Amino acid sequence: MTAPSTGSRSNPARNPLRDPQDRRLPRLAGPCGLVIFGVTGDLARKKLMPAVYDLANRGLLPPGFALVGFARRDWANQDFARIVHDAVKEHARTPFREEVWDQLCEGFRFVSGDFADDAAFDRLRQVIAELDDVRGTRANHAFYLSIPPRFFPDVVGQLKEHGLAEQHDGSWRRVVVEKPFGSDLESARRLNAVVSEVFPPESVFRIDHYLGKETVQNILAMRFANSMFEPVWNSNYVDSVQITMAEDIGIGGRAGYYDGIGAARDVIQNHLLQLMALIAMEEPTSFDAQSLRIEKQKVLAAIERPRRLDLGTARGQYAAGWAGGVKVQGYTEEEDIPDDSRTETYAALRLTVATRRWAGVPFYLRAGKRLGRRVTEVAVIFKRAPHLPFTETATEELGHNALVIRVQPDEGVTLRFGSKVPGTAMEIRDVNMDFAYGGSFVESSPEAYERLILDVLLGEPPLFPQYQEVELSWQILDPIVEYWARKGRPEPYPAGTWGPESADRMLGRDGRAWRRS
Amino acid sequence: MTITLTDTDASAIASELLLARRRAGSPSMGMVLTLVVDVAEAEADDAMRAAAAASTEHPARVLGVIRGSVRGTDRIAAEIRIGSGATGETVLLRLGGEVAEHAESVVLPLLLPDSPVVIWWPTKSPDDPVADPLGSLAQRRITDAAAAPRGKAAALWTQCEHYADGNTDLAWTRITGWRALLAAALDQFPAKVTAGQVSAERVSPSADLLGAWLADRLKIDVDRTTSRGPGITSVSLSTRDGEIAINRPDGRLALFSGPGQPDRPVALKRRETAELLAEELRRLDPDDIYEATVKSLLRIHKRAAESRA
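Sequence lines, in order, name chains A and B. In terms of my numbering, the first sequence has 306 at position 306, counting the first letter as 1, and numbering is strictly consecutive. In terms of my numbering, the second sequence has 1066 at position 66, counting the first letter as 1, and numbering is strictly consecutive.
Hints listed in this document are in silico derivations from the structure and should not be mistaken for laboratory results. Quantities reported herein were computed from a predicted structural model and do not represent experimental measurements. We treat Cβ as the ideally placed atom computed from N, Cα and C, and that holds for glycine. It is possible that part of the hints are untrue.
Unchecked claim - No farther apart than 30 Å at their CA atoms in a straight line, the calculated lysine-lysine pairs in the DSS-like style are these:
no., chain 1, residue 1, chain 2, residue 2
1, A, Lys46, A, Lys179
2, B, Lys1152, A, Lys46
3, A, Lys46, A, Lys327
4, B, Lys1269, A, Lys89
5, A, Lys383, A, Lys298
6, B, Lys1269, B, Lys1152
Unchecked claim - Away from chain A, derived, C-beta distances all over 10 Å, residues of chain B:
no., residue
7, Ser1015
8, Glu1079
9, Val1099
10, Trp1157
11, Ala1183
12, Asp1187
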């Protein structure tokens, strides 16, 4: 992800102190500020504020960086600074250092108000002008909408009305939106219309924090920097691919958002389909944003749903049970969830990719809550050797070779293959070869949000899905969700297990089984 | 877990390393490089601690080599440390007798297969690192002119004269933060720089390198002035629009000022050795920019010598 694209960053070729060979020099954002809407939310406190501090601590933020909070609280700047201070102390990855805090805290501002409140946005405009003056942010500001999508029209409209979205010569204004990017194709289009009416496409940054994870970026490095994986990365050798995103927790405090959305819309539409695109896409001609998007869009457009949705999909809803030694309640017993909720907390799909490379290779995607343990991984499962010159008893315990990319936790790669059991008899059993990310590189690799916020400030878009990708993913998912909506309640599964039986039957019909992740 | 071997040799140490790993229940190794630390007994503790800290970012087999007196019979003692919170493996070798002059023969069999080898001289370093028997095993050789026991200014000069691909000096690593800020400053004020000034304590190899880097990149003369420190205290660049300056009087928090802009504080702390070492281990290919800076420094020195003569 090199090649700085357009944006306010001055051309490094013109700066004699920069040199592509000089890789010690970090990419530092130019003078700018970040405005966070919904600054009282969990995401802002647990992820965004600590990420801003960690970036400053690593020396990646410009001197004079400004952070503006906007929320309906009666806070002064100092109150806001204290909130940030506490959030940083509790959640930052890097140790707290006084001098870094001194650098940051002079740039903290708070604007109190409602999203419909004209006066508040007027104040925001003044605050931004004052920051340009005092901190030298040079009219470069990013607006981070850490708020539910239903408020987008209000906020974006206000930004436009108060002239906050206007970019003058040399300066930039960017808007950052978090998933969900709509809840179906229709709403995604509406949402996009709202945002794109005010901001040009290159100024809209959609954050899918999965794409900022080191392990996800490593998928591209692994596939395209090595010679040993690509030759077998096709239907001649690959039997199937399983992509899993399992959570051991329930819905917690997200009832209001989760009910009516469900697992498929919540994570399959974005995280899992993006992972699948990275696994299945062809090699981009270069690693700039444009080439990457072209390949991702191509493969997303080639993804096909199962012909029979009843046989090729499965869904479930967790019921009361024991999860990891704790007695937990079922989904419908959770607070604020109606007794007759039809929302699925587990979803599994069988997708195929209509290309020469992947013809006939099923991609099994599953995501769910209250499953056996928390794990996100991609398992590429290979065909068995066409001929085994051993007796049947010798290879009884030999399964399929597999390459497992562990996205989280315990980031790394596992290669699973057969090996002789020591002893006189010829007996072959599966063994694992492990590469642990934490073991071979940085003990604490940067948080996804650090990378993503920095990329927003630098104006580097490769890690952000573009609207077309969002639209393509909804096109894949919409008919499935609509089909489910007609079919009554999802099948219950006990909390703490690996999902409903229908999901096991779905793979059983293909003669396969889910990996016990 | 610490295992002490006395009167031993490289192959016994190697098999003890393997055994220790097995006993710890993890026969696989995720180490990415071997770091050889050539150090004197008195500084060994600090150096090994810094190396261990750096190896949390780059899991490494750290081989500390302490060369004792060459008199008496040959003696090799090894202190092997594995697990208990540390990543990688640490071996501290104490050599005495004739073998002290052939340390490379002990180190060579203990290098990780295929992985890069880095050598670090925490204080005193050989004049020509690549010609050193231990140095020649490594593809990256880290010296530290500022830590030379005496003649710090001359130490950097000697290192520059003997520069070879793969050499680097912690005095150079120490100025990455300054360089990043200065580059960012020119991103913001893309005006032509006409003159520069670096101010630091009297002997500061880092300040010399910073001045040489600016002179090389900007094609200007850089004044070197003396301050009370600590380390580098200020850098300023003159442009037609005004002066860009970074002042750091306390070695901690700097003040950044530019033409027509408000002054802004920026954290610019002097870093610990472990952090510097970790930065060095991040890239193991020759540092072209350092090479260009070294050449620039040699030119500046030569010119200064000629004008004195």
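Here's how the hints hold up against the structure:
For the given pair, Lys46(A) sits about 17 Å from Lys179(A) by alpha-carbon distance, which is consistent with the 30 Å threshold. Among the hinted pairs, Lys1152(B) with Lys46(A) is inconsistent with the structure: their alpha-carbon atoms are about 47 Å apart, more than 30 Å. Distance check on the hinted pair: Lys46(A) and Lys327(A) sit about 27 Å apart at the alpha-carbon level, within 30 Å; holds. Distance hint between Lys1269(B) and Lys89(A) is fulfilled; the C-alpha atoms sit about 19 Å from each other, no more than 30 Å.
With a CA separation close to 26 Å, the supplied pair Lys383(A) and Lys298(A) stays within the 30 Å bound. The straight-line distance between the Cα atoms of Lys1269(B) and Lys1152(B) is roughly 22 Å, inside the 30 Å bound, and the hint therefore holds. The beta carbon of Ser1015(B) sits about 19 Å from the closest Cβ of chain A, which is more than 10 Å, so the claim that it is off the interface holds. Every C-beta of chain A lies more than 10 Å from that of Glu1079(B), the closest at about 23 Å, which supports listing it as non-interface.
Every CB of chain A is more than 10 Å from the CB of Val1099(B) (nearest about 33 Å), matching its label as outside the interface. Distance check on Trp1157(B): its Cβ is at least 23 Å (rounded) from any Cβ of chain A, clearing the 10 Å threshold; non-interface status holds. Here Ala1183(B) does not stay apart from chain A, with its beta-carbon only about 4 Å from theirs, under the 10 Å limit. Not every Cβ of chain A is farther than 10 Å from the Cβ of Asp1187(B); the closest lies at roughly 5 Å, contradicting the non-interface assignment.
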